[in-house]
Amino acid sequence: MTDVLRPHAEDLYAEELAVLAKSDDRPRPPGWRLSPWAVTTYILGDGDQITPKYIGPRRVVEVAVATLATDRALLLLGVPGTAKTWLSEHLAAAVSGDSTLLVQGTAGTAEEAVRYGWNYARLLAEGPSREALTPSPVMRAMADGGIARVEELTRMPSDVQDALITVLSEKTLPIPELNDEVQARRGFNVIATANDRDRGVNELSSALRRRFNTVVLPVPATVEEEIDIVSRRVEQLGRSLALPEIPAGLEEIRRVVTVFRELRSGVTEDGRTKVKSPSGTLSTAEAISVLTSGVALAAHFGDGVLRPADVAGGIRGAVVQDPVSDQVVWREYLETVVRERDGWNDFYRACRDAG
Amino acid sequence: MPAEPALLGVRHHGPGSARAVRAELARLRPDIVLIEGPPEADPLVALAGDPAMEPPVALLAHVPGEPAKSAFWPFARFSPEWQAIRHALGAGVPVRFCDLPAAAMFATAGTEEAEDTDDTAPADPIGSLAAAAGYDDPERWWEDMVEHRAGATPFEVIAEAMAAVRDGHAPGPREALREAHMRRAVRRARKDGFERIAVVCGAWHVPALAAPITAKADDATLRGLPKAKVEITWVPWTYGRLATFSGYGAGVTSPGWYDHLFAAPDRPVERWLAGAAGVLREEGLAVSSAHVIESVRLAEGLAVLRGRPLAGLGEVTEAARAVLCEGDDLPVELIQRRMVVGERLGAVPDDTPMVPLQRHLREEQRRLKLKPEALDRDLDLDLRKPLDLGRSVLLHRLRLLGVPWGTARESRGKGTFRESWTLVWRPEFDVELIEASAWGTTVGAAAAAKARDLMTREGVTLADLTETLEACLLADLGEALPYALDALAQRAALDPDVTHLMAAVPATARALRYGDVRGTPAEGLGKVAGSMLARIRAGLSPALTGLDDPAAKEMIGHLDAVHAATGLLPEAERDAWLAALHGVAGRGDLHGRIDGRLTRMLLDAGSFDGEETARRMALATSAGHSPARVASWVEGFLAGGGLLLVHDAQLLRLVDRWLSGLSGTAFVDVLPLLRRTFATFDAPERRAIGERVRNVGRAGAGGRDEAALEIDEELAAGAVATVLAILGRSG
Chain A
1 MTDVLRPHAE
11 DLYAEELAVL
21 AKSDDRPRPP
31 GWRLSPWAVT
41 TYILGDGDQI
51 TPKYIGPRRV
61 VEVAVATLAT
71 DRALLLLGVP
81 GTAKTWLSEH
91 LAAAVSGDST
101 LLVQGTAGTA
111 EEAVRYGWNY
121 ARLLAEGPSR
131 EALTPSPVMR
141 AMADGGIARV
151 EELTRMPSDV
161 QDALITVLSE
171 KTLPIPELND
181 EVQARRGFNV
191 IATANDRDRG
201 VNELSSALRR
211 RFNTVVLPVP
221 ATVEEEIDIV
231 SRRVEQLGRS
241 LALPEIPAGL
251 EEIRRVVTVF
261 RELRSGVTED
271 GRTKVKSPSG
281 TLSTAEAISV
291 LTSGVALAAH
301 FGDGVLRPAD
311 VAGGIRGAVV
321 QDPVSDQVVW
331 REYLETVVRE
341 RDGWNDFYRA
351 CRDAG
Chain B
356 MPAEPALLGV
366 RHHGPGSARA
376 VRAELARLRP
386 DIVLIEGPPE
396 ADPLVALAGD
406 PAMEPPVALL
416 AHVPGEPAKS
426 AFWPFARFSP
436 EWQAIRHALG
446 AGVPVRFCDL
456 PAAAMFATAG
466 TEEAEDTDDT
476 APADPIGSLA
486 AAAGYDDPER
496 WWEDMVEHRA
506 GATPFEVIAE
516 AMAAVRDGHA
526 PGPREALREA
536 HMRRAVRRAR
546 KDGFERIAVV
556 CGAWHVPALA
566 APITAKADDA
576 TLRGLPKAKV
586 EITWVPWTYG
596 RLATFSGYGA
606 GVTSPGWYDH
616 LFAAPDRPVE
626 RWLAGAAGVL
636 REEGLAVSSA
646 HVIESVRLAE
656 GLAVLRGRPL
666 AGLGEVTEAA
676 RAVLCEGDDL
686 PVELIQRRMV
696 VGERLGAVPD
706 DTPMVPLQRH
716 LREEQRRLKL
726 KPEALDRDLD
736 LDLRKPLDLG
746 RSVLLHRLRL
756 LGVPWGTARE
766 SRGKGTFRES
776 WTLVWRPEFD
786 VELIEASAWG
796 TTVGAAAAAK
806 ARDLMTREGV
816 TLADLTETLE
826 ACLLADLGEA
836 LPYALDALAQ
846 RAALDPDVTH
856 LMAAVPATAR
866 ALRYGDVRGT
876 PAEGLGKVAG
886 SMLARIRAGL
896 SPALTGLDDP
906 AAKEMIGHLD
916 AVHAATGLLP
926 EAERDAWLAA
936 LHGVAGRGDL
946 HGRIDGRLTR
956 MLLDAGSFDG
966 EETARRMALA
976 TSAGHSPARV
986 ASWVEGFLAG
996 GGLLLVHDAQ
1006 LLRLVDRWLS
1016 GLSGTAFVDV
1026 LPLLRRTFAT
1036 FDAPERRAIG
1046 ERVRNVGRAG
1056 AGGRDEAALE
1066 IDEELAAGAV
1076 ATVLAILGRS
1086 G
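Residue numbers (my numbering), protein chains in the order written: chain A, 1 to 355; chain B, 356 to 1086.
It should be emphasised that the hints constitute simulated quantities derived from the structure, not laboratory data.
Check the hints yourself; a few may be wrong.
Some, not all, of what chain A presents toward chain B, calculated at C-beta under 7 angstroms [as the list claims (entries may be wrong)]:
1. Ala66
2. Thr214
3. Pro218
Just so you know, these numbers come straight off a predicted model, no measurement behind them.
Even for Gly, the Cβ is constructed at its ideal location relative to N, Cα and C.
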């Protein structure tokens, strides 16, 4: 194991990718490392050697892979924490073997991040030339026939977003300064992610929008599915953070997931009690981080077993984002739902002690 | 020796099966076609060839007089049974239905849902086979596995598969009966000299029909089959019902898609997605041809990824979602509703057997230019036009008969001559019509008879009576009116409960007014209303005695309703009513809330002037009363929301004067009670009241308030005359 905190998908799962590439005898689209079927298997797992990376509806992954295979750009939409980035990383790793060609969209992302910049020292010394050019990840992906990832597309200013239009429709990036261009090689594509919950973002122009196929990633449909996702990720994260092995009690995971789901949907799992929803999104990703920190607490300060007290603080922190209104929501939930529930007594006490 | 009959096992409502049946029949050229269905329908088959017959339609079998016992056999144009009928009619060969007679089904089932009790046979065996093979769409499976298998006809393949599925299956009692009957029908056809017999039945039954079972054994099974009198006819059907209802055992969830598969000459995916783009454009969503191109590519890509030779419904839906709808679920639902299910309403020719009532309704529909449609349609009527009045009358009559073809909507414009409806025709209305045909042969006569029956029923309340009376007036049932008035007068005389009378008054007053608008003669109605009011006035005082909180609240509702209704009646009635109120108001033992409300009514009506009201207010809120009573008095007095206080300067001044006249301690005592009332007002209303109060004080000091109220009658005369003319009270 390397000392990198978080290895790239293609490194972490290099073995699985190799196994798939070896047994994959179906036709591969030009520029692809694997056939679309193998990519789907890599993402969803085969129940044997290949572990599932994305747990969710099969159709979502199929539509995403088919989109890339038909040479269309893919836009993954969803509320925060629905594994958009995760899925885009693994898709890029499986399709082109390289998930590092990444543009992070922020309000300050400049056009250079999508097109190209200049190495000014060389520019001044040698004048405009290809050597003085600093290519963006998108440009590199075009030149190599790989997948470029654009994170949080809607956070970019609109004019930067629109720089993608030519890239996606003409598959070429003109460099007027050199009277030159970079033409995309086969295998080039773009996977963008965006979140449809936030306000104050820059909506995509319809010209750009229609160059993407849109796939909306849903929140986990059932409690069992979500528990499955959470326990898998908690285990993986624990391993990569080199935490001491702790059996992350299924009981605690179930509790955290149940609390998150109930507060998110505003109604208890049995459909009988209405609860208020806090301002945070309470995504699956947050449930995972609550549990991971719980495991760390239990390992370093506790008795080595994940106890309610280890997750109580984390849950409270995730739920109470707004110190006034969310605090009320959380209290109410504790007193009306958690307290009444059979076998949740220790959890209730731990949460009350946590504030 | 005639050849073995050809057994065509089909998937009910499967377009693949339908196409295969059509091709197979053209190849076999049978001299008789036997179809799974009720034999009672044999004489009706010829109607299916009528050009005016337009699927989806259904065979409706019912036991006369027992409307609960009815069953449907729906046919769409992609139903194999329908294609078999059309083929036979085209080729001029006889068609016979070979299933168990509907009569026997009703008798054996004994329950209303004749089809659902179908015992052991799976509803959709081909669907189950497809599901077992990993297909979510049975039609895909049919195409991949059955039609693309070379060498054998699809029906041999199906027979083979079903024989394997049914191996070791023992049919339940009903299934055994049905299959015995089918075998018997085949034998009879053979005896009648037919040589090339084709049987179109559910795939599940094929092995049973091929089994070597003797005529004797079948006769033993079928012995003593119960009989019932059954009438059968064709009725129009909708795709929506096809999706939810399972008449043939197999309900289909995507009739629109099947219809498309069956009807599209080529390139089904391209046509479908182009159609979907059309639907979205109609709704104002920008969808370009580039979108359609990309969605077709994605659908095909998905099909390849899923290992299917051609994109199916699942693929085109995903493609439409990802490309055409840009991930949004709402437009996907729109496509689902408009295209996948599809709202198509069939039609039957005029010479279909119908009860006279249905026939009359068809004539009326034609006369009034109202076509039954399966999708919601809004209709705005102007009752001053004869055509619209006729439509309104027809809709009201149908409502009385329990056929809610139209539901009344909130009318957009003001005015009593406007009526707004939402029309949607549902296939089950035909059943209701058949049921209602016991009442008469025309819509009007049947509605009148039904209304008369409603009014003479045991336990009918006065309010029911007046409601029916109102409905009769709306439906222009002049012949039922005398009965209605009679019944009303009698009930009113006998009913000891004043509240019942009070509940009946508003509808009667409205009815009087409708009579005016629609030109319905309603003589006698005014008299009845007058006598009812007289009884109410007599019984009012005792009725107000000893009421608790909930009863008082209910009583106030009645008082308000009657009070409003008297406004529609002649002046004399109103004066008498106000006098009666005057008589009760101020009685010491009244419930506070009622007393408050009465005071307010009389103030609004002008019976009390400001001085008198102020006196009563002071009296009612003085220390001698318990705080609870004071509170409820104030609540009753101020009921009707804070807006009134904002706009009624006189009322506001009264309240203001009373409050500012209270001593310090008395004010503190009253304050919580006031809060109780004011807390029910909205915050903006409270703020507006506060602003008004400030202005009242200021204006009062300057004396401008009084001036503002002064009216220049000369100046207003012209406007007043016009308003009076509009109200019809000129001269």
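Going down the list of hints, with the structure as the test:
no. : hint   : verdict
1   : Ala66  : 4 angstroms, holds
2   : Thr214 : 3 angstroms, holds
3   : Pro218 : 10 angstroms, violated
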